[in-house]
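S.K.: Those sequence lines, one after another, are chains S and P. If you count by my numbering, then the first sequence holds residues 1 to 191, one letter each, in order. If you count by my numbering, then the second sequence holds residues 192 to 373, one letter each, in order.
In short, the hints are calculated from the structure, not lab data. For clarity, every value in this text was computed on a predicted model and none was experimentally measured. Incorrect hints may have been included.
Said to hold, decoys possible - Chain S stretches covered by chain P per the calculated footprint, using a threshold of three residues with CB under 8 angstroms from any CB of chain P:
1) 57-65
2) 152-164
3) 183-190
Claimed, not checked - A short list of chain S residues far from chain P (calculated; beta carbon distances all over 12 angstroms):
4) 18
5) 26
6) 31
7) 148
By construction, the Cβ of each residue, glycine as well, lies at the ideal position given by its N, Cα and C atoms.
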Amino acid sequence: MFGRIKLALTCLIGMAIGLWSAHDLANGGFDLVARTQGPWQTWPSAGLNTMDPYTKAHFLAAGRLPDNRREIVEYEAWSDSDGRPIDATCTYTVQGRLDWSRWWSISVTQNGAVEPRKAGRTYSLDSGEIVYQPDDLARVSVSAQAASGNWLAMPASGNVGLLLRFYDPVPGTRERPGIQSLPQVVRQDCQ
Amino acid sequence: MSGRLFWFTAALLLGLAVHLAYILFVPRQQMEARMAQFSALAGVNKLAVLEPRVLDRILPEADPALAYAACVFDLSPGPVVVKATIPAGYWLVSVYAPNGDSFYSLNSRQADVKTLDLVIRNQASAAGDQSGSAPQAGADSQVTVKSPSKQGLVLLRARVRTPALGPRIRADLAASACSPAT
Numbered sequence: 001m002f003g004r005i006k007l008a009l010t011c012l013i014g015m016a017i018g019l020w021s022a023h024d025l026a027n028g029g030f031d032l033v034a035r036t037q038g039p040w041q042t043w044p045s046a047g048l049n050t051m052d053p054y055t056k057a058h059f060l061a062a063g064r065l066p067d068n069r070r071e072i073v074e075y076e077a078w079s080d081s082d083g084r085p086i087d088a089t090c091t092y093t094v095q096g097r098l099d100w101s102r103w104w105s106i107s108v109t110q111n112g113a114v115e116p117r118k119a120g121r122t123y124s125l126d127s128g129e130i131v132y133q134p135d136d137l138a139r140v141s142v143s144a145q146a147a148s149g150n151w152l153a154m155p156a157s158g159n160v161g162l163l164l165r166f167y168d169p170v171p172g173t174r175e176r177p178g179i180q181s182l183p184q185v186v187r188q189d190c191q
Numbered sequence: 192m193s194g195r196l197f198w199f200t201a202a203l204l205l206g207l208a209v210h211l212a213y214i215l216f217v218p219r220q221q222m223e224a225r226m227a228q229f230s231a232l233a234g235v236n237k238l239a240v241l242e243p244r245v246l247d248r249i250l251p252e253a254d255p256a257l258a259y260a261a262c263v264f265d266l267s268p269g270p271v272v273v274k275a276t277i278p279a280g281y282w283l284v285s286v287y288a289p290n291g292d293s294f295y296s297l298n299s300r301q302a303d304v305k306t307l308d309l310v311i312r313n314q315a316s317a318a319g320d321q322s323g324s325a326p327q328a329g330a331d332s333q334v335t336v337k338s339p340s341k342q343g344l345v346l347l348r349a350r351v352r353t354p355a356l357g358p359r360i361r362a363d364l365a366a367s368a369c370s371p372a373t
């Protein structure tokens with residue numbers, strides 16, 4: 001009887017350790033498979049025939065198709081530039097140079113999903129829609145309330161992230177993702 | 192003490208086995224589930240243009256700045272051809288194996304043609320073919336791609352600069368077709 005309890009406990013603990021560690025490494029990455037730059041993270045082997053199993057798990061287990069970095073370089077951010085998790089009750093400014101590709105887009109994700117565009121409330125911006133600063137920097141506000149200029153709507157709740165995608169990247173971006181300067185994610189006010 | 196060490200080691204080994212099973216098998220299973228969802232839309236060897244609501248369900252991280260069309264292919268009866276009409280602006284074709292590898296991709300700048308026949312052959316039956324290159328500029332062209340697997344997924348994407356252009360760009364993608372090569 002006591003042996004069966006020990007066996008059941010061992011199985012439960014073993015499965016929990018296995019699932020937690022796999023999920024944690026596939027989501028958060030580690031230095032060998034993911035590259036981090038400020039709040040942004042990219043998975044350089046995504047979509048390539050040399051794609052490692054953790055990168056595969058990162059994309060496919062979450063229902064995403066990994067894109068070859070020769071075509072699309074993706075950066076994800078789950079925290080601001082000070083390392084604090086992105087909070088749905090706060091407003092943020094994303095500002096920086098983004099001319100590393102033919103075009104780019106920035107999206108707000110909620111629990112890993114991007115809401116489709118809706119009239120009056122957009123969760124994703126195409127670089128063609130962006131009004132640039134005089135110094136060619138892009139500045140995007142992320143907030144629950146509509147803001148002037150380039151605005152992305154903040155979801156009401158959930159695990160919020162940012163997704164930056166560079167389409168048809170310039171050679172330096174696709175060959176060595178992580179070398180270019182990426183925008184700062186700066187927290188402003190919180191409710 | 193040796194009893195505790197035994198159970199501790201057993202839990203760690205089981206944890207390692209579960210970890211490896213998740214990392215190695217879940218991605219493929221998820222990719223195959225995704226392919227099954229795409230093939231449920233139009234069938235196998237047929238192109239389906241994905242409306243935003245459908246896309247939201249199948250690819251929740253899809254970029255709203257793109258229109259999508261997909262073809263799940265099966266090379267068992269023979270090669271498959273994707274006859275693509277390339278719209279003005281950014282366009283991308285990617286071909287995926289069931290394990291998630293994107294083994295071929297081509298964008299509109301590299302293609303530099305208005306229509307493209309993408310012939311997908313099984314690697315085993317395509318020895319000697321030129322594969323994976325961009326077509327010759329200027330003319331309508333054909334490209335042969337060797338697939339490492341009999342099944343796979345072709346994904347066509349085109350940029351939608353503003354939401355109002357969505358229906359037009361999806362109509363452009365619908366002008367493409369996916370079918371067994373005759």
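S.K.: Enumerate the violated hints, using their earlier numbering and listing them in ascending order.
M.R.: Result: hints 2, 3, 4 and 5 break, sorted rising.
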